[in-house]
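As a plain string of letters, each chain reads:
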Amino acid sequence: MSEYIIEMINITKEFPGIKANDDITLQLKHGEVHALLGENGAGKSTLMSILFGLYQPDTGVIKKEGVEVKISSPNDANALNIGMVHQHFMLVERFSVLDNIILGVEPNKMGVLRTQEAREKVIALSEKYGLKVDPDALVSEITVGMQQRVELLKMLYRDNDVLIFDEPTAVLTPQEIEELLEIMRNFTKEGKSILFITHKLNEIMAVADRCTVLRKGKYVGTVDIKETTKEKLSMMMVGRKISLKVDKEEIETGKEILAVEKLVVASRTGKKNAVKGISFKVRAGEIVCIAGIDGNGQTELVSAITGLMKVNAGTIKLLGEDITRMNIRNRSKTGLSHIPEDRHKHGLVLDFTLEQNLVLQRYWQPAFQNAGFIKADAVREYALKLIEQYDVRSGQGPITIARNMSGGNQQKAIVAREIDKNPDLLVAVQPTRGLDVGAIEYIHKQLVAQRNAGKGVLLVSLELDEVINVSDRILVIFEGELVGEFDPKEVSIQELGLYMAGGKRQDDLTKEGA
Amino acid sequence: MHKVRGFIAKRGTISLIGSLVSIIVGLLLGLLLLLYFNPTYALGGFVKILTTGFGSPEKFAKVLYQAAPLILTGLSVGLAFKTGLFNIGATGQYTVGAFVALVLGIQFQMPWYIGLIGAAAGGAVWGFFPGICKALFNVNEVITSIMFNWIGLFMTNLCFANMPKMLANYWGATNADRTANLTRANRSAVIPKMGLDGLFNSNYMNISIFIAVLMAVAVYIVMQKTTFGYELKACGYNRDASTYAGINAKKNIVLSMVIAGALAGLAGGIYYLSGTAQYTIVKSLLAMGFNGIPVALLATSNPVGIIFSGMFVSYIQVGGDSLQPEFAKEIIDIIIAAIIYLSAFALLIRGLISKWISKKEREEGEQ
Chain U
0 MSEYIIEMIN ITKEFPGIKA NDDITLQLKH GEVHALLGEN GAGKSTLMSI LFGLYQPDTG
60 VIKKEGVEVK ISSPNDANAL NIGMVHQHFM LVERFSVLDN IILGVEPNKM GVLRTQEARE
120 KVIALSEKYG LKVDPDALVS EITVGMQQRV ELLKMLYRDN DVLIFDEPTA VLTPQEIEEL
180 LEIMRNFTKE GKSILFITHK LNEIMAVADR CTVLRKGKYV GTVDIKETTK EKLSMMMVGR
240 KISLKVDKEE IETGKEILAV EKLVVASRTG KKNAVKGISF KVRAGEIVCI AGIDGNGQTE
300 LVSAITGLMK VNAGTIKLLG EDITRMNIRN RSKTGLSHIP EDRHKHGLVL DFTLEQNLVL
360 QRYWQPAFQN AGFIKADAVR EYALKLIEQY DVRSGQGPIT IARNMSGGNQ QKAIVAREID
420 KNPDLLVAVQ PTRGLDVGAI EYIHKQLVAQ RNAGKGVLLV SLELDEVINV SDRILVIFEG
480 ELVGEFDPKE VSIQELGLYM AGGKRQDDLT KEGA
Chain R
0 MHKVRGFIAK RGTISLIGSL VSIIVGLLLG LLLLLYFNPT YALGGFVKIL TTGFGSPEKF
60 AKVLYQAAPL ILTGLSVGLA FKTGLFNIGA TGQYTVGAFV ALVLGIQFQM PWYIGLIGAA
120 AGGAVWGFFP GICKALFNVN EVITSIMFNW IGLFMTNLCF ANMPKMLANY WGATNADRTA
180 NLTRANRSAV IPKMGLDGLF NSNYMNISIF IAVLMAVAVY IVMQKTTFGY ELKACGYNRD
240 ASTYAGINAK KNIVLSMVIA GALAGLAGGI YYLSGTAQYT IVKSLLAMGF NGIPVALLAT
300 SNPVGIIFSG MFVSYIQVGG DSLQPEFAKE IIDIIIAAII YLSAFALLIR GLISKWISKK
360 EREEGEQ
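Residue numbers (numbering that gives the first Met the number 0), protein chains in the order written: chain U, 0 to 513; chain R, 0 to 366.
Calculated directly from the structure, the hints in this document are not laboratory data.
Treat each hint with caution, since some may be false.
Here are a few chain U residues that face chain R, going by a calculated C-beta distance under 7 Å [to be verified]:
1. Thr323
2. Ile327
3. Arg328
4. Val348
5. Thr352
6. Leu359
7. Tyr362
8. Phe372
9. Ile373
Calculated cross-link-like contacts (lysine-lysine; reagent style DSBU-like; alpha-carbon spacing at most 35 Å) [claimed, not checked]:
10. Lys249(R) <-> Lys280(U)
11. Lys250(R) <-> Lys332(U)
12. Lys224(R) <-> Lys18(U)
13. Lys249(R) <-> Lys261(U)
14. Lys384(U) <-> Lys164(R)
15. Lys354(R) <-> Lys344(U)
16. Lys250(R) <-> Lys420(U)
17. Lys354(R) <-> Lys215(U)
18. Lys18(U) <-> Lys354(R)
19. Lys127(U) <-> Lys69(U)
20. Lys199(U) <-> Lys280(U)
21. Lys316(U) <-> Lys249(R)
22. Lys62(U) <-> Lys199(U)
23. Lys249(R) <-> Lys420(U)
24. Lys354(R) <-> Lys62(U)
25. Lys261(U) <-> Lys250(R)
26. Lys249(R) <-> Lys270(U)
27. Lys224(R) <-> Lys69(U)
28. Lys384(U) <-> Lys249(R)
29. Lys250(R) <-> Lys275(U)
30. Lys249(R) <-> Lys309(U)
31. Lys374(U) <-> Lys224(R)
Across the chosen pairs, the derived CB separations fall in these ranges [stated by the list, open to error]:
32. Asn139(R) <-> Ile398(U): 25 to 35 Å
33. Val60(U) <-> Ala327(R): 54 to 64 Å
34. Leu49(R) <-> Arg267(U): 55 to 65 Å
35. Ala327(R) <-> Asp135(U): 51 to 61 Å
36. Ile150(R) <-> Lys69(U): 49 to 59 Å
Using N, Cα and C, we set each Cβ at its ideal position, and we do this for glycine too.
Could you put together the complete structure from these sequences and hints?
Okay, structure coming up:
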C-alpha cells in the first residue's frame, strides 16, 4: 500500500489570461486532515475541481494508492470514492433529505425506487457520526448547517474515503463550526482522508495534521501543523507579515448619523415579524456591530435600513432626515452605502464587466453621463483609479467580466465602489465572509478608515473575532430583538455567545433604546 | 498562426465565426433533406437556394423587402432577451401594428408615416400588457404574450370583417377575405420607393430596409451607449442587484416590453404598407413574428448582427420559394426551418471554438 491515498503531481492548469495552477504537487496521507491554504485566487478551488473531475489539468498526473488515474468527470471521481462538499451546496431544494442523499445512486428494482434500505443506511450513518437529520424534511426547510450535514451524508452514503471540503465553515455559526470540526476528527478515526480548503487559520490549527500552502497559483510548501504557528502560516500564504489585530485609536464620537426607532419588519416569508421593535443609534466616528446567530432578524433589519424591504412600523432617520419610506436611489443620495450580504445576488451584475459594476451606484451622475449617454472614457478612467487604489486584481482589468473574478476581488470591487461614494453611513453585512486574511485585513482597515474620517459604520457579522476586533460598540440581536449592548473591550466571546443564543438578556435595553 | 488566433480569440470574432459555422451546418442539413425528398433535383435546388437571392436585382429586392420586417421583429425579440425577457409575443404585436397601420391608411386615409407611427404605437400597447403583468404581479411574460398573440389576431380579424371600407371588395376587387390593395385605396399610405423600384426593376423595393437598418443602429446605440440601455441590461442580467443599486426594475421591465412591442408593431406596419401585401383574414398566427426569434438567436441578440441575420433568413426564404414546383411548399418550409433553426445554434458553436482555441494554445505551450 502506498503511503499516500491521493497524489496530485506537478499539476498545471491555465485559463485565458491566468495560470490558475502552476506546477502544484499535493500528497494526501491515509487518515489525515490535510488543509489547503491560500488567498482567494491562489488556485485552491481549481486544484480541487481537477481532483473532482470538473476540470482537466493541462499537465501533471493524479495517482490513487500509487496508481495513476484519469478523472474526467465527477462520476469518475465517485467511482474512485472521492467525494466533495462544495462551498455552494449542490442540493435539490424541493427534495427531501433522503431523496437528495440517494440522488444519482437511487436504489431500485426494475426502475421502481426502493428507499427503505437507503433510509436505514442513512439513519445508521447519521447515528454513527453524530449527524442528526430528519430524512423526510425538505431541504428548503432546514437550516444551512443541516444542509451541510446532508452533503456530508451524501459522501458517506457513497462510501467515499477521500473527502474534499471546500470552505465548509464559511456559512456556519460558531457552534456549528465546532461541531463540524469534531465530525471531521471522527471521519479520520474511521480511516477517511480529508482535504480541507479554508483560509481560517484557527480551524487549520484546530483540526489539520498537515497543510499545503498555495500563493498566486504556485506551490509554496507543505508543513506539519504541530511545528508551525498561525503567524508562520499567514506569512507563507500572503508572502508578507500580516497583523491579525486591527489597529484602532480612540476617537470621540460625533453627531447622530443613523437613528432607528421601534422598527418592526415582517420576515421574508411574511408570516411573522422578524424585527420586533428595535431601536438604536449610530454616531459619527463609531463602528456599531450587530452580532447574532444567522436568522435572528439581521437580514431583515439591514434590508429595512437600506430600502430592500418595507417597514411595518417605526422610523429610520439618516442625518436627521426620515428615510423610512424613501426609495433606494434617494437613500443612496442622502448618504447611505451598502456592502450587501450576498455579493452575487445583490452586490454585482456578474455578466457586466468590472468597470460597469464599479459605476453601478453612480452611472447616472453627471460625471458619468451626458444627456443619457454614458461617458465611456470617464467610466474607464474611474474604474482604473479604483482598481489601482483598492488593488482589485483581475485577468483583463476594467473589461474583465465580473463572473470570472475570484470571490475576494469581487468583494474588493464592491467595497471600493461603496466606500468611494464617500457615504455618511456605511452598512456592511458580513463584508469579509469567505475571504482570506490578506483581504480581511484590508477590508477591516477600510472600515476603520471610514470611522476615523468621522463617518458612521453599521457592521453585521457572524464572526465573533471580527465583532470583537473591529467594533466600538456591540449590539446583540436575538429573535428580532436587541438583547444586549457591550463595549468590545469589556466582554468575552463566551459572554457574547450566551446572549446570542438567548441564554441571557439585559432587560432595560429595548425600553430605553441603545 | 498566432496572429490569426489572436484575431479569432476576440469575443466579437468568436460570435461571428460561431454564427457562420452554424449557418454552414444548417445549409448542409438542408442539402441532406433535399437529397432525401427528391434526389434528382437536390443539387440543382441547393444551388438555387444559395444563388437565387443574388441572381437578379428583382430577387435581391425581394430579399430586402422581406428582410426589413424580419430585422425589426428580430430586434424586438433581441432587445427583450437583453433585458431577460422572452418576447414570444412579437407576432401579436406585429399583427396589431399591421392592423393600426392599415386602418389609418385605408379607413382614415392617412399618409404612410402616420401609419408607421400608429403601427409602432399599437405594437407598444400590445407589449405593455405582458410587461405590466410581469412587473406588478410577476406573471410570466411568455404566458401573457402568447394569450395576447391570439387576442391580437382575433381582434384584428373581427374588426376587419366588420369594417367594410377596409376590405378589398369595397375598392373594386372581388375578394372579401383580405384588406384592400393599398395602391388603389390610398396611394399616399404606400411607403415611398424613391426611385429604388426602377433601380431594382421591382415593385417590392422601397425604403423600408433603410428604416429597419436605422432602427437597428438606434437600438445598438441605446443598449451600448446610454444609461437607459445600461439599466435595461442590468435588470436583464440581475434584477436583485439592479434593485439594490436603486434602479426601478419594474419600470424597466415594462419599458423593455413596450419598446420591443413598438419594434414588432413597426415591422407589421412596414410590411403591410409596402403596397404589395394584403392582410388575409385567417385563423393562424403570422410567421413573421416568430421568425424574429431565430433572427435574434442567430445574431446572439446583437442589434448590428440582427441586420445580417435578418437578411440571411430572408435570403434563404427567397431561395426556398424558387424550388417550386420540384419540391412541395411544405417540404420547402421544412428545409428552410431546418436551416434557420440549426443556424440558431450559434451559441453552442461559439463555446466549441473558445474551447478549441485554448486547447491549441496549450499544445503550443508544451512544445
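These are the hints, each one checked on the structure:
{"no.": "1", "hint": "Thr323", "result": "violated (16 Å)"}
{"no.": "2", "hint": "Ile327", "result": "holds (4 Å)"}
{"no.": "3", "hint": "Arg328", "result": "holds (3 Å)"}
{"no.": "4", "hint": "Val348", "result": "holds (5 Å)"}
{"no.": "5", "hint": "Thr352", "result": "violated (11 Å)"}
{"no.": "6", "hint": "Leu359", "result": "holds (5 Å)"}
{"no.": "7", "hint": "Tyr362", "result": "holds (6 Å)"}
{"no.": "8", "hint": "Phe372", "result": "holds (5 Å)"}
{"no.": "9", "hint": "Ile373", "result": "holds (6 Å)"}
{"no.": "10", "hint": "Lys249(R) <-> Lys280(U)", "result": "holds (33 Å)"}
{"no.": "11", "hint": "Lys250(R) <-> Lys332(U)", "result": "holds (20 Å)"}
{"no.": "12", "hint": "Lys224(R) <-> Lys18(U)", "result": "holds (34 Å)"}
{"no.": "13", "hint": "Lys249(R) <-> Lys261(U)", "result": "holds (30 Å)"}
{"no.": "14", "hint": "Lys384(U) <-> Lys164(R)", "result": "violated (66 Å)"}
{"no.": "15", "hint": "Lys354(R) <-> Lys344(U)", "result": "holds (28 Å)"}
{"no.": "16", "hint": "Lys250(R) <-> Lys420(U)", "result": "holds (25 Å)"}
{"no.": "17", "hint": "Lys354(R) <-> Lys215(U)", "result": "holds (24 Å)"}
{"no.": "18", "hint": "Lys18(U) <-> Lys354(R)", "result": "holds (16 Å)"}
{"no.": "19", "hint": "Lys127(U) <-> Lys69(U)", "result": "holds (33 Å)"}
{"no.": "20", "hint": "Lys199(U) <-> Lys280(U)", "result": "holds (32 Å)"}
{"no.": "21", "hint": "Lys316(U) <-> Lys249(R)", "result": "holds (26 Å)"}
{"no.": "22", "hint": "Lys62(U) <-> Lys199(U)", "result": "holds (28 Å)"}
{"no.": "23", "hint": "Lys249(R) <-> Lys420(U)", "result": "holds (25 Å)"}
{"no.": "24", "hint": "Lys354(R) <-> Lys62(U)", "result": "holds (26 Å)"}
{"no.": "25", "hint": "Lys261(U) <-> Lys250(R)", "result": "holds (32 Å)"}
{"no.": "26", "hint": "Lys249(R) <-> Lys270(U)", "result": "holds (25 Å)"}
{"no.": "27", "hint": "Lys224(R) <-> Lys69(U)", "result": "violated (48 Å)"}
{"no.": "28", "hint": "Lys384(U) <-> Lys249(R)", "result": "holds (33 Å)"}
{"no.": "29", "hint": "Lys250(R) <-> Lys275(U)", "result": "holds (32 Å)"}
{"no.": "30", "hint": "Lys249(R) <-> Lys309(U)", "result": "holds (16 Å)"}
{"no.": "31", "hint": "Lys374(U) <-> Lys224(R)", "result": "holds (8 Å)"}
{"no.": "32", "hint": "Asn139(R) <-> Ile398(U): 25 to 35 Å", "result": "holds (34 Å)"}
{"no.": "33", "hint": "Val60(U) <-> Ala327(R): 54 to 64 Å", "result": "holds (60 Å)"}
{"no.": "34", "hint": "Leu49(R) <-> Arg267(U): 55 to 65 Å", "result": "holds (58 Å)"}
{"no.": "35", "hint": "Ala327(R) <-> Asp135(U): 51 to 61 Å", "result": "holds (58 Å)"}
{"no.": "36", "hint": "Ile150(R) <-> Lys69(U): 49 to 59 Å", "result": "holds (58 Å)"}
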